[in-house]
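Participant: Turn these sequences into a full structure, and let the hints steer you where they fit.
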Amino acid sequence: MTISALRRTLLVGTLGLALGAGLLGQAVAGEQLGNIKKAGEIKIGLEGTYPPFSFVDESGKLTGFEVELSEALAKELGVKVKLQATPWDGILAALESKRLDAVVNQVTISEERKKKYDFSKPYTISGIQALVLKKNAGEIKTAADLAGKKVGVGLGTNYEQWLKDNQPKAIIKTYNDDPTKFQDLRIGRIDAILIDRLAALEYAKKAPDTAAAGDAFSRQESGIALRKGEPELLEAVNTALDKLRADGTLKKLSEKYFNADVTQ
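Take the sequence shown: its letters are residues 43 to 306, numbered as in our numbering.
Since the hints were derived computationally from the structure, they do not count as laboratory data.
All C-beta atoms in this analysis are idealised placements derived from N, C-alpha and C, irrespective of residue type, glycine included.
Among the hints, a few may not be true.
Said to hold, decoys possible - 25 Å max Cα-Cα, derived DSS-like pairs, lysine-lysine: (1) K122 <-> K85; (2) K117 <-> K163; (3) K248 <-> K117; (4) K298 <-> K124; (5) K85 <-> K140; (6) K294 <-> K117; (7) K79 <-> K124; (8) K177 <-> K211; (9) K157 <-> K270; (10) K157 <-> K183; (11) K85 <-> K157; (12) K124 <-> K248.
As the list claims (entries may be wrong) - What follows is a set of in silico ranges between Cβ atoms, one per label pair, in the way DEER data are often shown: (13) G190 <-> A136: 31 to 41 Å; (14) K122 <-> N178: 44 to 54 Å; (15) R228 <-> Q306: 18 to 28 Å.
Facilitator: Given below as structure tokens:
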């Protein structure tokens, strides 16, 4: 065999191996739904410290709107659900590293996040809300009123980014957990918290010394976050959500936790 012929043979072989590896990678990347079905369970991440979405009740049981939604979703998929309480600042990393199959944790759908993750159809519609001490409720009505205020936000959340983009004069205090953030508000270490409007209204019910200040700053839609490259799983999740919406399950859960339909 001549040297040129040998080079051509090696080149073809190399291309063949590369193509095969690429196809294998695609096959593996698209097998998540099958793996979930085979395992008989879907691993769903949520914080577990974010009432009324997910929290531990007085009996020590994990419950909440997104807990029950996750259970209903798994049932539609024909598998059991394994709920994994995960801090917000590591929850999407856990999804990327395949420790989780999905995240059901009020993950706001944004153009930036859609570059890294796939999202189901929205299952809640809400907005960014300022929660303050009731005695200070009249001080904050718009984003302009946050200038010079100490504002608590979850580390790495869309609330932190929104605040940086819309009121750079605010003094931003970041938190890894919600209980500490709420406690700091109530003892006066911070002036306001930016959270989901639905969560703010629910918290104000339980803590009458707090109040949702003004109107929501923006509209936000939350969806189930999935890894990219899993079209079959995405379709199955959307189909399940459609069924839960059609049979009234989503509305029923929403009214149970919010006294209103927040799913549309």
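Participant: Can the restraint linking K85 and K157 be considered satisfied, given a maximum Cα separation of 25 Å?
Facilitator: The hint holds at about 22 Å.
Participant: Is it true that the CA of K124 sits at most 25 Å from the CA of K248?
Facilitator: violated (29 Å)
Participant: Given the hinted pair K157 and K270, is their Cα-Cα distance within 25 Å?
Facilitator: Holds, because 9 Å separates the two Cα atoms, which is no more than 25 Å.
Participant: Tell me if the straight-line CA distance from K85 to K140 falls inside 25 Å.
Facilitator: Satisfied, since the Cα-Cα distance of roughly 9 Å is no more than 25 Å.
Participant: Between K294 and K117, does the CA-CA distance stay at or below 25 Å?
Facilitator: holds (16 Å)
Participant: For the pair supplied as a hint, K117 and K163, confirm whether the alpha-carbon distance does not exceed 25 Å.
Facilitator: holds (18 Å)
Participant: Holds or violated: K177 with K211, Cα cutoff 25 Å?
Facilitator: holds (23 Å)
Participant: Please check whether K122 and N178 have a Cβ separation lying inside 44 to 54 Å.
Facilitator: Holds: the Cβ-Cβ distance is about 46 Å, inside 44 to 54 Å.
Participant: Assess, step by step, whether the Cα of K298 is no farther than 25 Å from the Cα of K124, and give holds or violated.
Facilitator: holds (23 Å)
Participant: Do the Cβ positions of R228 and Q306 conform to the proposed distance bound of 18 to 28 Å?
Facilitator: violated (33 Å)
Participant: Sort out whether K124 lies within 25 Å of K79, counting only the CA atoms.
Facilitator: Within the cut-off at roughly 13 Å; holds.
Participant: Are K122 and K85 close enough, with their CA atoms no more than 25 Å apart?
Facilitator: holds (9 Å)
Hint compliance for this structure: hints 3, 10, 12, 15 are not met, and every other hint is.
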